[in-house]
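Guided by the hints, dock chain B onto chain A, whose structure is given.
Chain order of the listed sequences is A and B.
This note's numbering puts the first residue of the first sequence at 1, with every later residue one more than the last.
This note's numbering puts the first residue of the second sequence at 1, with every later residue one more than the last.
There could be a bad hint or two in this list.
Stated by the list, open to error - Derived, one-sided and incomplete: chain A residues facing chain B with beta-carbon distance under 7 Å:
{"hint": "1", "residue": "Gly212"}
{"hint": "2", "residue": "Glu418"}
{"hint": "3", "residue": "Thr427"}
{"hint": "4", "residue": "Asn443"}
{"hint": "5", "residue": "Thr449"}
Quick caveat, the hints were computed from the structure, so don't treat them as lab data.
A quick note: this is a predicted structure, and the numbers were derived from the prediction, not measured.
Note that CB positions come from ideal geometry on N, CA and C, so glycine has one too.
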Amino acid sequence: MADYKALPHWLAVWIEIIGQFRLPSVFFAVCRVIESVRVDYEACSKPFMIVEGEMKYQEIFPVPREWVQDIDEFMAETVTRWAEQEVIAGRLEHAEDYDKLLVPAIRKLFIDIGLQSMLWPEELGGGGLGTPEAAMTVATVLEQVGFADTGIGFLYANSFALQHAFAVEPHRNGELLQELVPVFCGDEVAVGSLVLPGYGSGNPGEGGAFHGLAYQVAAESRNGGWALSGKAVRPQCSGKTAALFAVAFDAGDGEPAVVLLKSDDDGLSSGEPFKKTGLAASLNADLDLKEVEAPGALVILRGEERFREMLSVYYMCCAAICVGSLLATYEILKVWGDTRVIKGKGQEFKENPLVASLMGEAAGGIATSRVLTYNLARMLSRPDIYGPPGSQATYATATVIFKHVTRSAMLSMNNTMELMGSAGYATEWNLERYWRDVKCIENSVIPETAARVDLARHFFGCRTL
Amino acid sequence: MRSIDDFTRPVEYLSPLDRSLGEILRNWAEKEVIPNRREYDEDWEEHRLIEPAFGRLMAELGLQRVLFPEEVGGWGLGHSDYLGTGSYRMFEEIARADSAMAVAFGVVFWPLIMICNEPHVNMRLCEEFAPMFCETDKAVFCANAMTEPQGGADIENMDLLKGSTIETTAVLDGDQWVINGHKLWPTNSGGVADLFGVVCTTSPGSIDPEDFAFIFVPGDAEGVTQGKPYQKAGMAADKNSDIWFENVRVPSWYRACGPGDDFKYFKEVICLGSMGTVAFVSGAMMNVYEILKGFCEEKTYRGRPLKENDDVAGLLADFVRDLEVIRVIGYQFARMMDRPDLYGDRWSEEMVVKGRAFKYFAADKAVENLGLVMNLMGAHGSDRVRDVEKHWRDLKIAQLWMGGKQLCQMEVARWFFECETL
Chain A
1 MADYKALPHW
11 LAVWIEIIGQ
21 FRLPSVFFAV
31 CRVIESVRVD
41 YEACSKPFMI
51 VEGEMKYQEI
61 FPVPREWVQD
71 IDEFMAETVT
81 RWAEQEVIAG
91 RLEHAEDYDK
101 LLVPAIRKLF
111 IDIGLQSMLW
121 PEELGGGGLG
131 TPEAAMTVAT
141 VLEQVGFADT
151 GIGFLYANSF
161 ALQHAFAVEP
171 HRNGELLQEL
181 VPVFCGDEVA
191 VGSLVLPGYG
201 SGNPGEGGAF
211 HGLAYQVAAE
221 SRNGGWALSG
231 KAVRPQCSGK
241 TAALFAVAFD
251 AGDGEPAVVL
261 LKSDDDGLSS
271 GEPFKKTGLA
281 ASLNADLDLK
291 EVEAPGALVI
301 LRGEERFREM
311 LSVYYMCCAA
321 ICVGSLLATY
331 EILKVWGDTR
341 VIKGKGQEFK
351 ENPLVASLMG
361 EAAGGIATSR
371 VLTYNLARML
381 SRPDIYGPPG
391 SQATYATATV
401 IFKHVTRSAM
411 LSMNNTMELM
421 GSAGYATEWN
431 LERYWRDVKC
441 IENSVIPETA
451 ARVDLARHFF
461 GCRTL
Chain B
1 MRSIDDFTRP
11 VEYLSPLDRS
21 LGEILRNWAE
31 KEVIPNRREY
41 DEDWEEHRLI
51 EPAFGRLMAE
61 LGLQRVLFPE
71 EVGGWGLGHS
81 DYLGTGSYRM
91 FEEIARADSA
101 MAVAFGVVFW
111 PLIMICNEPH
121 VNMRLCEEFA
131 PMFCETDKAV
141 FCANAMTEPQ
151 GGADIENMDL
161 LKGSTIETTA
171 VLDGDQWVIN
181 GHKLWPTNSG
191 GVADLFGVVC
201 TTSPGSIDPE
211 DFAFIFVPGD
221 AEGVTQGKPY
231 QKAGMAADKN
241 SDIWFENVRV
251 PSWYRACGPG
261 DDFKYFKEVI
271 CLGSMGTVAF
281 VSGAMMNVYE
291 ILKGFCEEKT
301 YRGRPLKEND
311 DVAGLLADFV
321 RDLEVIRVIG
331 YQFARMMDRP
341 DLYGDRWSEE
351 MVVKGRAFKY
361 FAADKAVENL
371 GLVMNLMGAH
381 GSDRVRDVEK
391 HWRDLKIAQL
401 WMGGKQLCQM
411 EVARWFFECE
421 TL
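Okay, chain A solo, but in the shape it has when bound:
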């Protein structure tokens, strides 16, 4: 873990201040100063640099270091400390308690550290990171959040993908940013939740389809805006607690669009949170929409390319969370392998060839997942090199990488659980929590069959699917 005592004194003081007070814009400004003076890498313990004699998970698994900027690294370090102090330290006592552990940790991360307003312009009280490079920053950050708590990472992945559609160049929407300042730059936690197409249910409210998946709401153009209706609409997260929902709908002739709805909009109601496999930080509930009216100004994107861009960003964020969970899995397995014996006394667990082969497979999965996720973040952060983030090619790559990482994560976690036997499924060892959480992400973000067909359509030129 990051050791702040190793930082230059003045920087440690600044980070301490940031940790105690809500000064996101100051934090980001400091980060930019740091970036400009190029702090000596050797002087600091960093998540992505090898420090001799202190091989930790951050250093062992590869990262394309040349793409990670100082600001990304310092953000990650801050979040690493948040993870240790706000989540991991309380895990033993509070397990996954929503009120005692998760809510305070979310508040600290979103408000005090300032992730919630990271993309907002400084003049509006935000962090001023509204450029495509924010994709790399969020990858480094979400990896650390996912290490601590996959569910909190999932909330932020939703919020980030939602904000990315109107807060990041070249799609920055000044009027909308101004309007939403009280939501995202205020004192209250504001989680944004995506409402994406899914399987159809034959509900009368459903309208149109995107790549074979049905939009969960029907939309009617009304007074320059839209009226949306739908029953048992399932958001990606936080149906009970989100401040905003970014709802995908068919804007006519099959054109996808996404509009923001506020949780207190007339006609929008949520049911009771439903029980689910994992992601305790998300109190999810289905929504009912009865002709909920939204002005045209709240439409944050239109067109297939823009929608694909939002999805690509979302997939990258979710992949980064899963990488964090994989790194946590590695740490758990490392301790297990170092401290257990097999076949009687004297044979260290990790020295058994069968065990070692599974450990090797897990390590390979972690390494490739991490490299792939950073590559995807790089593609999204550098459209000048890789083309528009909403291109069919980038979307296909994002889908491939998301599916690869989640599949790899499940395989590695399944293998690790097998190696740990009963401890693998005992809550005390924490591994089963990551396993449940990542499974939720794997199956919630995009149905497996739809992802496969999407890829076949792109890579094989299927015309009728």
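Here is chain B on its own, set in the frame of chain A:
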């Protein structure tokens, strides 16, 4: 309309009681368990919802007495020709509703096998313990105290370690055994068990089979302490905890079969555990089939019911293919337990190994398939409303218990390939 009863079973193997027992258990499951099982995860510590369902199953329906001989009030399953197939059907039907209840029920049989099964019936102990189970209106549970902190499932690795790693000791003091040790994880611990079967050694470090002892200990014996139940990923109806035995004294005749025979017949216990696991898997997968069929008829993709999409149909086919295979394998192994005259002793190394192979095949396939089913169901795969995620969590645990996959692999390779150093 197709149903779970359309999956293949070798019908000529089945017991005469199969149909009626199956119907009774299915009715019980539909009425007592399935409507409540979504609340079981929150009930893992108290068992307020779970206990009444057990009471109906085990005491009112009388299933806790099935293994005991008729002359002490039991149903005589232990000396029938249908120990395997009869048990399999019961385990499967219960697991269709809740595999944790199935394992908790199955473990009532587990230590009792040592004294109720032919040819090693210990009538004195049957007479001693039968009233606990046969003359009561409450559910009564057993537990097998095997696993120890230092080596996990090493104790079950019998052919390699021959009991040499057991640290729980049994010392004969006059006409009493004095037992000391620390056990982990038994099903039905955490305050549930009324009777323990405890794996001990009479000579720590010994590889002599005669030093392996299986001794019964009443749950309320002085010196027995059961810890609080562990919280787990699933299987809320199965409580597990630490157990400490501190100078626990029991009569000398509480040893199940005696020197040498305890070691020999304990392998039969392992065989039943493997067969039970396959039954839990096939029962839970049958329920997933029911849920999945409904889901794929209700939901649409590309304008058609999910099941009418070729790519979805491919996955559905893979799922039922594996379930079909697992069920046939399970009943075949149950038959092998029923007919030692054809397939060899239930405690033979060959049977242990084949049971391990079937167990880890079934559990691996289940975990793989249920993961894919959850992915197919998308956002509905991980909500508890559909119950698939519950089976997924539960069967993951079934995959890992009894030494997990690696122990199975070693034993299977050792026997079939005659490995000499594993």
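**OP:** Verify the interface restraint on Thr449/A: the C-beta must sit less than 7 Å from at least one C-beta of chain B.
**Re:** holds, 5 Å
Subject >> chain B contact restraint for Asn443/A - C-beta distance below 7 Å >> reply: holds, 4 Å
Original post:
Was the hint right that Gly212/A lines chain B, CB cutoff 7 Å?
Top reply: holds, 4 Å
**OP:** Double-check Glu418/A for me: the hint is only fine if its C-beta lies closer than 7 Å to a C-beta in chain B.
**Re:** holds, 5 Å
Original post:
With 7 Å as the cut and Cβ atoms as the points, is Thr427/A at the interface with chain B?
Top reply: Because about 4 Å separates Thr427/A from the closest Cβ in chain B, which is inside the 7 Å limit, the hint holds.
Going down the numbered hints, you'll see the structure goes against none, and every one checks out.
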